[in-house]
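Asker: Residue strings, one per chain:
There are 4 protein chains.
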Amino acid sequence: MPGAQIVGATGYGGLGMIELLLGHPEFEIASLVARDDAGRRIDEVYPHLTDRCELTVQAPVDDVIGSGCDVVIFATPDGVSQGYAAALTDAGMRFVDYSGDFRFGDTAAYARYADAHPSIGDAGHDAAALLDRGQFGVPELFGDRIVEAPIIGNPGCFAVGIILGLAPLFAAGLVEGGTVTVDGLTGSSGAGKKPSPLQHFSHLNDNVVPYRVFTHQHVVEAEETLAALSGGEANVHFVPHLLGTTRGILSTMHAALTGPATRDGLLDRYRQFFDGHPFVRVLDVPPTLKGTLGSNYCDISLEVSPDGSRMVAMASIDNLLKGQSGNAMQNLNLMFGFDQTAGLGRLPLYP
Amino acid sequence: MPGAQIVGATGYGGLGMIELLLGHPEFEIASLVARDDAGRRIDEVYPHLTDRCELTVQAPVDDVIGSGCDVVIFATPDGVSQGYAAALTDAGMRFVDYSGDFRFGDTAAYARYADAHPSIGDAGHDAAALLDRGQFGVPELFGDRIVEAPIIGNPGCFAVGIILGLAPLFAAGLVEGGTVTVDGLTGSSGAGKKPSPLQHFSHLNDNVVPYRVFTHQHVVEAEETLAALSGGEANVHFVPHLLGTTRGILSTMHAALTGPATRDGLLDRYRQFFDGHPFVRVLDVPPTLKGTLGSNYCDISLEVSPDGSRMVAMASIDNLLKGQSGNAMQNLNLMFGFDQTAGLGRLPLYP
Amino acid sequence: MPGAQIVGATGYGGLGMIELLLGHPEFEIASLVARDDAGRRIDEVYPHLTDRCELTVQAPVDDVIGSGCDVVIFATPDGVSQGYAAALTDAGMRFVDYSGDFRFGDTAAYARYADAHPSIGDAGHDAAALLDRGQFGVPELFGDRIVEAPIIGNPGCFAVGIILGLAPLFAAGLVEGGTVTVDGLTGSSGAGKKPSPLQHFSHLNDNVVPYRVFTHQHVVEAEETLAALSGGEANVHFVPHLLGTTRGILSTMHAALTGPATRDGLLDRYRQFFDGHPFVRVLDVPPTLKGTLGSNYCDISLEVSPDGSRMVAMASIDNLLKGQSGNAMQNLNLMFGFDQTAGLGRLPLYP
Amino acid sequence: MPGAQIVGATGYGGLGMIELLLGHPEFEIASLVARDDAGRRIDEVYPHLTDRCELTVQAPVDDVIGSGCDVVIFATPDGVSQGYAAALTDAGMRFVDYSGDFRFGDTAAYARYADAHPSIGDAGHDAAALLDRGQFGVPELFGDRIVEAPIIGNPGCFAVGIILGLAPLFAAGLVEGGTVTVDGLTGSSGAGKKPSPLQHFSHLNDNVVPYRVFTHQHVVEAEETLAALSGGEANVHFVPHLLGTTRGILSTMHAALTGPATRDGLLDRYRQFFDGHPFVRVLDVPPTLKGTLGSNYCDISLEVSPDGSRMVAMASIDNLLKGQSGNAMQNLNLMFGFDQTAGLGRLPLYP
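Protein chains in written order, with my numbering: chain A, 30 to 380; chain B, 30 to 380; chain C, 30 to 380; chain D, 30 to 380.
A couple of the hints might just be wrong.
Pairwise CB distance ranges (calculated) [what the hints assert, rightly or not]: (1) D:Leu-84 to A:Pro-147: 28 to 34 Å; (2) D:Tyr-240 to C:Gly-261: 56 to 62 Å; (3) B:Pro-289 to A:Asp-368: 48 to 54 Å; (4) C:His-306 to A:Thr-208: 56 to 62 Å; (5) B:Thr-370 to A:Asp-151: 20 to 26 Å.
The list that follows gives simulated cross-link-like pairs (lysine to any residue, SDA-like), each with its CA atoms no further than 25 Å apart [unchecked claim]: (6) B:Lys-223 to C:Glu-169; (7) B:Lys-222 to C:Tyr-240; (8) A:Lys-223 to D:Leu-227.
None of these hints come from the bench; they were simulated from the model.
Just so you know, these numbers come straight off a predicted model, no measurement behind them.
Virtual Cβ for every residue (Gly too), placed ideally from N, Cα, C.
Throw the hints in and build the complete structure from the sequences for me.
Answerer: What follows is the structure, encoded as structure tokens:
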């Protein structure tokens, strides 16, 4: 049974992977590594894990990263995995990274991303020579390549909904000018575990806060991917909104169409596009945030304007699952030749 | 001290008006009328009014509507006020209506609205001859006419944010093709007091539910008003979303511009446009849902895309105040020659 | 693979059982029966089940109840299962009932319960002769009897937390006068799927509403069980509070002790009492509502007053799992000789 | 028009006072003082104050405290006001303090409080000689003394509900043994503006977290006050619970009675006790958290056990108003001879 090492194990991203691995039939947890809470048992840090996981968190010192495991998951911020990438790949160790470090195949695309990112800027990439060994980890689009890739760049949470929600349209060249406007609504957990004014309960409860209008870095990977699908341009005008809820992202995506379309026709197109992809459900009704909560599903539906010239696609995911750990688990399953649904059968928690 | 009769007094719309009148220096409540809870004291229906209002709700029988008062407020669904309109105007009694009955100056516009409305359809208007005596009640645009109007059609909650959020652009002809895409996020209270599956707590809590995509009837009054401002077309592609929160509407509005613009330039334009209008605040930061909660403010801000070709305007209101009762109170103040802020000084409740 | 028929399949109680059976390695769903939504596919009623369950809901007509299955689960209100009990037991069909119909072994105890219940009163019991064949379904106390019982009366949601949270104390006769005061905090889902004013989102969001002070019927089964454990009296003074949250019950239980105690001593006692019971976790820190959300755990902790004379025990459960469907599943596992954790491995959903 | 200086102006306590003073007919804000955000305009710190207050926050340097004003409000943590008390009282400047510094008339009582407080311990009091010049600020009990007092120790938020909810019983000696058990449910805003793990949205949303069981320092002032009312003992066994909501405290208080009582009899007693006190409302139905939200009311009701031997009193307040700034404003009104309701007329915000 292959063992996975989780780096950044005490953040929400690491926690999500711990929970999935604990319930996985084919993987085990090799070790937990994190700077925060190093030396503590994980069930002390997260009491809801009591009786389920008693591992002690190790500090990321010496040669601990990549040691005693079969794969490494970096549930860490931008800039961490690139520091370990050369040593790991030299040693033949594969890894999945949650950050943007390996989502882009070349330095030009990475630079666009880094430039949009609030904390990277022009700091460069410590492992630029390995960028082309990283595979952007959207299993529904790149499953074949993920199977073989030494490095997986797991997508950003907003990018998942936007890419899956628009891929069938871009792949068919149906978006006028390649231009879409997207409003993304996200729960607070995407910002992680660290307290901050924006995530302070008294501020966020019952609130909606638009932020980083036109400038969110996840747009870059969405545009790159959608443009490649269409062979043309992709311009995503994106406004993220932070909601007073814990989990979930609902993306509402507007576009003019290159020619008239019907709702049924487009729904058919979506269903064909995602045929055989167990985590995308194309619904007849608008997806809801809670309809995917706690599961790895991406629920999608759409409506067409009365004159057939425009459409709105809507996609719902749990930002911590299909938007992060669940998608990473799906990638791990592909990398190790397991069924991609292994360990990911959990239904949405409703009501 | 003029007395106001509230018809539909036991719904949230009526309650909002009760609360405002109780704190108003110039008006008093003449009587409360409603079908639901008729015969009960209002502080039994709403215990939070204990010690503040002990009026008994009257049934809408016989000649009670318009009797013993100086103005009538219809906090009622579509179709109610039109049945009383002729008698009231014949008697010289002015009224404010919360529904769409008198928002449109002619039957063609009303028919477009009725057609989009989920329950009116082609039922016609019982007082079509009086449509031209009704004034659409957006005080920031039509203050002069509101002062004299015998009938005020108070705007729909979504329309308030969209109209105020886009008026400066349309007035200057800056919106390319007159086309905007709008995502509206609303709290549950806009749906009123009556329990329903969509408003059931277990369903709505932590949820986001898109609904009536492309077909919400409030778009009609927004398009009519914005087109009149620009002298051209206005096409509002609108997706309302129901949120798991009680109060508030945040509207995010996207448009391509007819020419390049800067954020500062547009903010200046907005500030000039709303100069002298005390309830519109043009902010330097994105408005938040909670920033207007419990107040009559409409907070607006905007961002421009890096290339200056597109903009996003965002507007926040409390749907039960600036989106309903507060705006109606503002209209009442204008109609009776009071300062339009009278009784509306309440600050947002934060945190 | 034994098949379970769910009666009342379209309520939250039935839904919970559907979800557990879908993920269960040893059971399958034989059929879904309900009055509401009969004739519809269950994934139309609950879109989050899309791709997971396509069964059509059958109306409870003719001989459908108990037909084509190995066990029946009544996820129905009080009074339903008692009407089918004789026919089912005559046919040798075992069943689990979510209501109070079979929680009490004799008519006197049932009468106390019925009297406290808001809708039963003195209506009597249609299958009183079968009361002694029913077993109150608390697996941690009555596991041996559950294995053999033809009828299981699954406990009320509030009773689960109170009984488990106090059992070690009553079993040891440590509660002064057998008297406890309990404040119970419950999410809204315990009230089920049907819209009502108290469950209306705009009313309940951000609210806390005490109700049925001193009179909730779940107290009866708690008092019966605790008294039997201690061989003395049990008086539970209980105040339920409805919270603006969807799932979970936190019970805070206060008692004077018959003699001085220490926190460590009592925690040890609790740990011994629940040794071997996988769904009760005795924590060193106060349990939280969210610490059990989505799981079948009952988390318990306690504190002792500085002088050692009093204690507070706190218990958290997910009201729809350990408080309802999860506990019923645990009973089903025992009845069919499976590991009691089968199909119940889901971790709490945190954050 | 007297001017009030607010020290600690940028926390939630200071903000509450700013909002009340802005709407007050008799007071004005003299100046805002705070360590955090000193040098910034208050409407930058809190954008919801835009157009309503443009004062710049001053740092608490040199002689700024007490300068240019008629009264000082310390919206500061324990230990702050005691450092300024001598200088202020020497200069004849009265002040209201939100902390526990001046809630106790002698060092013994203060020591009990300090000992229970998580951060004071045995640090002593810097102005112990002035303790007897401080008046505990519960207007409903000590209105006459508040009028004249040079220093007001505004009560702790939990203490307000407990004291008002139990005062009529203790004053009549009706509580058996003077012993009550209290569960307090509080919104998050009581913990202030500073981000922390417990107040992190993703942790607190949908959660209930018991904390400081048996040890919360607000119990001390409640016990002191209730014991003085009864002339006997008062033992408050208290469990605070943090809820996933922003504002409000609901206290549920259990007691055995010294003799049999009826609900009507006790409600009458409560109504007489609070006659003439405009902010206490004795309701016929259980108070709700939302029934007082945004107002200065304390809503109280009670139930008696079927045998008449026990009762449960329930009290709801907005923790930031009647539990803090609103109560302080009430004290200020009394101190300056204004109607105690001046500036406090705001109705609860419902729904």
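Asker: A separate judgement is required for each hint: does it hold in the structure or not?
Answerer: Each hint, compared with the structure:
Against the hinted window of 28 to 34 Å, the Cβ-Cβ separation of Leu-84 (chain D) and Pro-147 (chain A) comes to about 31 Å, which satisfies the hint. A hinted range of 56 to 62 Å for the beta carbons of Tyr-240 (chain D) and Gly-261 (chain C) is inconsistent with their spacing of about 33 Å. Between Pro-289 (chain B) and Asp-368 (chain A) the beta carbons are some 53 Å apart, a value that agrees with the proposed interval 48 to 54 Å. Between His-306 (chain C) and Thr-208 (chain A) the Cβ separation comes to about 59 Å, which falls inside the hinted range of 56 to 62 Å.
With their beta carbons about 50 Å apart, Thr-370 (chain B) and Asp-151 (chain A) fall outside the hinted range of 20 to 26 Å. Among the hinted pairs, Lys-223 (chain B) with Glu-169 (chain C) is inconsistent with the structure: their alpha-carbon atoms are about 42 Å apart, more than 25 Å. Taken as a hint, the Lys-222 (chain B) and Tyr-240 (chain C) pair is honoured in the structure, with Cα atoms around 20 Å apart against an allowance of 25 Å. A hinted pair counts as satisfied when its Cα atoms are at most 25 Å apart, and Lys-223 (chain A) with Leu-227 (chain D) qualifies at roughly 11 Å.
Hints 2, 5, 6, counting from the list given before, are not met by this structure.
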